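**Q** Letter by letter, the chains look like this.
Number of protein chains: 2
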Amino acid sequence: MHVMSPSISQIAPAAIGDDLDQVDTPALMIDLDAFERNISAMAETCRAAGVRLRAHSKTHKCPEIARRQVAAGAIGVCCQKVGEAEAMVAGDIEDVLITNQIWGANKLARVAELAKTARIGICVDDAQNVADLSAAAVAAGAKLDVYVEIDVGAGRCGIAPGDAAADLAQTVVDHDGLNFAGLQAYHGSAQHIRAINERGAAIGAACDHVKATLAALDRVGLSAKTVTGAGTGSFEFEAASGLYQEMQCGSYIFMDADYAQNQDRVGNPFADFRHSLHVLVTVMSATKPGFAVVDAGHKALGNDQGMPWVADIPGARYQGPSDDHGTLALQDAARDVHLGEKLRLIPGHCDPTVNLYDWFVVVQSGRVVDLWEITARGAIR
Amino acid sequence: MHVMSPSISQIAPAAIGDDLDQVDTPALMIDLDAFERNISAMAETCRAAGVRLRAHSKTHKCPEIARRQVAAGAIGVCCQKVGEAEAMVAGDIEDVLITNQIWGANKLARVAELAKTARIGICVDDAQNVADLSAAAVAAGAKLDVYVEIDVGAGRCGIAPGDAAADLAQTVVDHDGLNFAGLQAYHGSAQHIRAINERGAAIGAACDHVKATLAALDRVGLSAKTVTGAGTGSFEFEAASGLYQEMQCGSYIFMDADYAQNQDRVGNPFADFRHSLHVLVTVMSATKPGFAVVDAGHKALGNDQGMPWVADIPGARYQGPSDDHGTLALQDAARDVHLGEKLRLIPGHCDPTVNLYDWFVVVQSGRVVDLWEITARGAIR
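Residue numbers (the numbering used here), protein chains in the order written: chain A, 1 to 381; chain B, 1 to 381.
To be clear, the hints were calculated from the coordinates, so they are not data collected in a lab.
Small disclaimer: the values here were computed from a predicted structure and weren't measured.
Heads up, a few of these hints could be off.
No copy labels: a pair is met if it fits in one copy or bridges any two.
In silico SDA-like cross-links for lysine to any residue, where the CA-CA straight-line distance does not exceed 25 Å [what the hints assert, rightly or not]:
id, residue 1, residue 2
1, 143, 262
2, 288, 208
3, 211, 47
4, 143, 128
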């Protein structure tokens, strides 16, 4: 096994006690007060709704954050990748659901190995994959929780709801080393529907698919102990449905510019959670009136759901990123910028942004109070 | 200084001697034969044109590749970031140009420190930045090559061509610790203009700005030893201009789907360089006719200049990526796929794709023949 030597980016961009001007840029920062408020708000909302929180770690890829979510009441975490699960279990998380289909003997052996020290769940939508999982679990002497994923409208992974799903659940039951644990019923694209009534309608349709599948399970004498799904954009609907027991919200800890454009219950911008994640950048060039260039482009920001917002200057717009540069349009900005100045951006999309960094620089009252390792950064396998 | 412990992604996805089916996915692979052909072709083209190649390392972030470029005749490399320069100097590259403006006392001290063991160039477009650079160089007892960057049409960094640039060059000359080395005259956006005549016209306009600036330098009794710029999309024009001595091409080693859409000299798709970079993915779900899901989304592919191409199946289209998934549309595909199958994608944009990985898996005749560390992965500071 070849393990790489430490890379340049693994040197932290700040030291504890630094003020913001001393933080090297681009750096990924967490506003600790806003972050802790988000953690509490979600924990409280789930408690009040009578559902469990299984926070999605693909957002943060950081065991320190996972431990804080569990301490606040989450039952464990979700992961997308086996590598993420390995990082979480190595970081003392004891209950992990891989919300994905995993193929390949080597990867499945890793999954089964993890299940010897932690509770590990995984999703299936194919009978051959069930057989492969069973073989891996039996070989390791481990037991896996298996969730049948149904396609509730996202059109991505998942078997058809209803009888097909029930048949696959029976296949799980028939295989050694596997425990049929319930249904994965996640509607990813619904998270980003802006209008509250349309978002509610999409989750309503998802719930109909869940109901049909629970009925089909009942017909073959099976039951789903847990229906798991939901995300930051839609979880209030799943929580209120009476059908889902587990919420897989991830982005709520940070909030990004994309989620902030969702409408809330009364038609206002979605404000249940605060922006706690920033990318700190430096103004590096300003040779033309009304424009400036900052030191963060596609390699420092996940721009796939839109551009970041400039937190520190109302009216300033980040635009036209290239690999390592972004332009600030300042024509409508509340003030001008000066060369060498550091500014905070709110990422357009938090998950792929976090995956570009090795460290969270944790800030409170304008000072660096902690540094958290993003140990699952790049864990895409 | 806090240095992070090794992360999960630093375990290599393959071992030397593996065949492709044993490579864990998603993995970043280099086709060694195509790669070596690209290295030779560019070296030969530059030699024939009488210009020097200073290959851009932002594309590969890998000292092993930089050393191969130098061995083939490149005089050194370009970097965008101080961290990249540190990784290249640590990897025995002795001549590095930072093609960027760098601000902040700590970063400039790192630049000056590097200049004690390697030849280091850097770009400026502001007089205060020149003074800051001088202070850092003097404090370290080092000498820096300083290039005045002029805006030749890209509208990003760079001072106005002509007298303003000549004044700034005089400012460089007037400061201790700095050597006025020439002009940075790079037109990034011109690289991606599809039509050959329009691309040539953009570089023609850039050349006019260079000429005006050389004349302005002459009026104040200065001369630019080197005019440096150009990229894979346009370098034939700069090389033929008689104005540029150095080419900063980077993407030619890999070629991506974006560059492949440029028109060549006779109006054909640009084919001087071969696709040598692939992302190997696994088919993980296929529950609907005509569609399949693979295990690579935004965290495994830089999609900012368009979607990747499916190298192994003519007519198959990759679309609709989310964080960790991509969909293959197979309606027009030459064949169907099977679950668990591994497929090669040609990235839409090579630079941000490479930055997501820790390892290049080097392949020849269907076997893994080497593993190269991407030590400047994430070196965005």
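**Q** Now, for every hint given, state plainly whether the structure supports it.
**A** Hints versus structure:
1. In this assembly of identical chains, the alpha carbons of residue 143 and residue 262 never lie at most 25 Å apart, being 40 Å within a copy and 53 Å across copies at closest.
2. When the C-alpha separation of residue 288 and residue 208 is checked against a cutoff of 25 Å, the pair qualifies only between copies, where the shortest distance is 20 Å, while the shortest distance within a copy is 56 Å.
3. Taking the shortest alpha-carbon separations for residue 211 and residue 47, only the intra-copy value of 23 Å comes in at or below 25 Å, while the best inter-copy value is 70 Å.
4. In this assembly of identical chains, residue 143 and residue 128 lie within 25 Å of each other by CA distance solely inside one copy; the values are 18 Å within and 64 Å between copies.
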